[in-house]
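K.L.:
Work the whole structure out from these sequences, hints included.
Quick mapping for you: the protein sequence lines, in order, are chains A and B.
Each residue of the first sequence is one higher than the one before, counting from 303 in the working numbering.
Each residue of the second sequence is one higher than the one before, counting from 222 in the working numbering.
Heads up, some of the hints might be wrong.
[Said to hold, decoys possible] Per the computed footprint, the stretches of chain B lying under chain A, defined by three or more beta-carbons under 8 angstroms from a beta-carbon of chain A, are: (1) 229-242; (2) 267-279; (3) 322-332.
If you are wondering where the hints come from, they were derived from the structure by calculation, not from laboratory data.
Glycine included, C-beta positions come from ideal geometry on N, C-alpha and C.
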Amino acid sequence: ILNVEQSPQSLHVQEGDSTNFTCSFPSSNFYALHWYRWETAKSPEALFVMTLNGDEKKKGRISATLNTKEGYSYLYIKGSQPEDSATYLCAFPYNQGGKLIFGQGTELSVKP
Amino acid sequence: DAGVIQSPRHEVTEMGQEVTLRCKPISGHNSLFWYRQTMMRGLELLIYFNNNVPIDDSGMPEDRFSAKMPNASFSTLKIQPSEPRDSAVYFCASSLMGQGTDTQYFGPGTRLTVL
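P.N.:
Next up, the structure:
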């Protein structure tokens, strides 16, 4: 059974703080690693799909890195804003097909 | 561009009733996924289709759940009979080719409450 672990489970920061959280996944049979952002009462929205070891992706103040050999990815948010408050999910493909195994998410709360 | 469309957005029904959830994927996408979100299990895949064919239904909880995709632009998830433990948010998502590297685009979800 594939296990995708995210830590911490929740995070509370002040506006302007930079923060990061972790996604751990099986390092064997790697195909890709997905990051999604999920705001309360909305649907998950794709942030990044990462495929190469050492890959780094950036979208505004959010960036992610990937280490496929040791099986982890970091998501960084620089200068957090209240609108960054959401649950951040990572997902790992079960195989080369489309089935994604999602982690439980990191719930980020940014206080003004 | 229209994203993934789901209906209804909210459904309240009584135990034992049949419930049908509907999904229209993004035009041109070949893969469609049904997920369920619960507090206990998070976001779990129920079933997915490639080119209208069910590929993996190992996440379907039991025989009370069934899903169909009669054409490339429509899918249904049916629960018959419904039970209170089926209460959850059900998401439909679609992707271009159904590969592990493809982004999945989620619909707004259907919040199901079974009394």
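K.L.:
Hint by hint, say whether it matches the structure.
P.N.:
Okay, the hints, checked on the actual structure:
1. 229-242: Check failed, 0 qualifying residues.
2. 267-279: With 4 residues closer than 8 angstroms to chain A, the stretch 267-279 of chain B meets the three-residue bar; holds.
3. 322-332: Satisfied; 9 residues make the cut.
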